[in-house]
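As a plain string of letters, each chain reads:
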Amino acid sequence: AQKVTQAQTEISVVEKEDVTLDCVYETRDTTYYLFWYKQPPSGELVFLIRRNSFDEQNEISGRYSWNFQKSTSSFNFTITASQVVDSAVYFCALSDLEYGNKLVFGAGTILRVKS
Amino acid sequence: GEEVAQTPKHLVRGEGQKAKLYCAPIKGHSYVFWYQQVLKNEFKFLISFQNENVFDETGMPKERFSAKCLPNSPCSLEIQATKLEDSAVYFCASSQTGDPPLHFGNGTRLTVT
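Going line by line, the protein sequences match chains A and B.
The opening residue of the first sequence carries number 148 in the numbering used here; numbering runs sequentially from there.
The opening residue of the second sequence carries number 748 in the numbering used here; numbering runs sequentially from there.
Honestly, I wouldn't trust all of these hints.
Subject to a maximum C-alpha distance of 35 angstroms in a straight line, what follows is the list of computed DSBU-like cross-link-like pairs (lysine-lysine) [said to hold, decoys possible]: (1) Lys791/B / Lys150/A; (2) Lys150/A / Lys767/B; (3) Lys150/A / Lys756/B; (4) Lys261/A / Lys791/B; (5) Lys765/B / Lys217/A; (6) Lys767/B / Lys185/A; (7) Lys767/B / Lys217/A; (8) Lys774/B / Lys756/B; (9) Lys756/B / Lys261/A; (10) Lys261/A / Lys815/B; (11) Lys150/A / Lys217/A; (12) Lys217/A / Lys756/B; (13) Lys150/A / Lys815/B.
Everything labelled a hint here was simulated from the structure, so no lab data went into it.
Isolated chain A, as found in the complex:
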């Protein structure tokens, strides 16, 4: 069965520090998608990125970067020079092809950025 593990329950950093959020997944599919979502205190789910299993190129978007490594089944997310506005819960998710590509979520990592 599909599984996503976010081992870090909570991380606290001081503003301007870099922080990496870990995500490890399990799947029997050869084709799948990986996602990261941000859930700020206001509660909505903000889509950050989707990666296809065939595309292992790392991605950078401003202060955000993602490291996808199929060999270790990991899809880690790094925030460079963190800001207070980055404080949120971050979820990693994996698509389940057998079930219409529904998403299987990790338990989330609470990120607290202090000024």
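Dock chain B against chain A, hints included.
Relative to chain A, chain B alone:
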């Protein structure tokens, strides 16, 4: 529309009352997914639809919970005789055929008192 629209934003029900939540998928999307997020942040998949047909209901509680997606109407998730443990935020997402969902609605916060 270009976004998933969920109504109402907040819903308060006394234990035993019925609750009905609505989700309007993005226009042209044929798949709808419902998730429940309880206080510990965990997302639980409930049910998905392909057009008006149930596609996957493996996460749906067999009692009290039902859902529909009818043509030309928002999809709905109904909880009969709510219990305290049903208090959660219910999220809806939609996608085109073959794609996983990207965007979620803003959720409906259900509080059962």
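**Request:** Mind listing which of the numbered hints don't hold for this structure, in increasing order?
**Result:** Numbers 5, 7, 10, 12, in rising order.
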